[in-house]
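Undergrad: Protein chains in written order, with numbering that gives the first Met the number 0: chain U, 0 to 388; chain Z, 0 to 88.
No wet-lab data here; the hints were simulated from the structure. Note that the Cβ used here is the ideal one computed from N, Cα and C, for glycine as well. One or more hints might be untrue.
These stretches of chain Z come out as covered by chain U in the derived footprint (C-beta under 8 Å, 3 or more residues) [to be verified]:
| id | segment |
| --- | --- |
| 1 | 47-60 |
| 2 | 75-84 |
Distance ranges between label pairs, derived from CB positions [to be verified]:
| id | chain 1 | residue 1 | chain 2 | residue 2 | range |
| --- | --- | --- | --- | --- | --- |
| 3 | U | 11 | Z | 37 | 26 to 34 Å |
| 4 | U | 170 | Z | 45 | 41 to 49 Å |
| 5 | U | 81 | Z | 30 | 16 to 24 Å |
| 6 | U | 149 | Z | 30 | 21 to 29 Å |
| 7 | Z | 45 | U | 202 | 51 to 59 Å |
| 8 | U | 166 | Z | 68 | 52 to 60 Å |
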Amino acid sequence: MKICMLTWEFPPRIVGGIGRHCFGLAKTLAKEGHDVHVVTLDFPGALAYEEIHGAKIYRTSIDLGNPDFITWTFLFNHFMEKKVATLGRKTEFDIIHIHDWLTAPVGIASKHYLKRPLVSTIHSTEIGRARGLHNPDSYLINGLEWWATYESERVIVTSNSMKYELESQFRLPGEKIDVIPNAIDGEKYNEEVNHDIVKNRYGIAPHERIVLFIGRLVPQKGVEYLIRAMPQIVGQHRNVKFVFTGDGWTRDHLVRLAASNGCWDKVRFVGFVSDSELIDLTLCADVLVIPSIYEPFGIVALEGMAAGVPVVASNVGGLAEVVEHDRTGVLVYPENPGSIAWGVNKVLSDYGYSRWLIQNAKRKIEELYGWEAVAKRTAEVYKKSCERW
Amino acid sequence: MRMSSRFAPGSMPDELYFLCMLHNLGATTPERSLSLEEISRWTVIEPAKAEENLRKLIENNHVQSNSVSGTQKYFITVNGIRKVLSMYS
């Protein structure tokens, strides 16, 4: 099939899960013989056009700016639309695939212009991210999300909890929604790393154990509850270091919070790290904590499970589907430092239990979350959409 | 001018709002850098306030400055872009 994938985030322009998802999906679909064209935004140092594992990547520059976020979003959609229109003259696409509301305008316009079916993957909703609609931008984004699902022939979500969100928020018929989980490339976690060298880079002694957080430093990720749990963890395990990777607008607040709870010498805020560094850190971690308040899927949980790190995660949304409590990880109450501390202490205290979780988790990853299976199911959704069109 | 209402007032430091605006204006490479006067005009923020924000952002390696024909101009670094994306995505 000839696929036109539209996303605002694609490596190296990558922060959240969408970039990683699009990269994995595009390269696997291309490997399976599909003709994949990804239209995305430019990034300093990245080529305007390149082929990655057979997928064709077009990075569009945005030649007009506006300080307002929503206006800027519509501007980049316009420039992407121009690119799609140009590509559409040379390539007869079978399907257009958008990811989240950010590319909804270009996706919907392209559907009508190219007269091809549209598929949307909704990774999260504005109501979930912002915990309600509190300002005009949020109302508009919510409207765009609804519009994208309405205009789409099929809607893909990554978990049953997201399916429920769309059914309840948008009154979207369940039969229009396909649940296809996120996937990961488990092989990249097969490498051997020297733990002492990696730890040394962050000023962590060889005997110290790492409690790792990976993600954006935004309220949705619940980082402050992990920080509030630190004294209870340090109380039982003196030899731990808490490593926070990622960046976000609450960073300064979180740094102040960590500095005020008596555990400052145990904390490392390392900011955004490269993919290879992230893999090294994950492989060295003793426990990965995902204290999210809202998480439609939680790809970080899969990454931890693939890396052989026990996962302690909030019992919310897609995380509760990925992590099976007491079997492939430990689920804790969201927004509850005491519960988070309990989960982390349980894993750090019992080596046999943590090995057992890891073994179960690895088996689950291999069975359910490989890119080949996810790409195959996505291609089936494309096929179904074309047949109905 | 209307700043994005995506974030509740007071929920984010001023300089980060300002960083988002620079990003949305397209000042993301040395070739697209903007002078203080241009930034102030586009964002409708007093030059003194804009300069103060720029100073903080430069300290945090989110913005860099360069001199173009004797005029000091400013653009967002890759770190700065990632900071903005972490707020939006």
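Undergrad: Find the hints from earlier in the document that the structure breaks and name them by number, from lowest to highest.
TA: 1, 6 and 7
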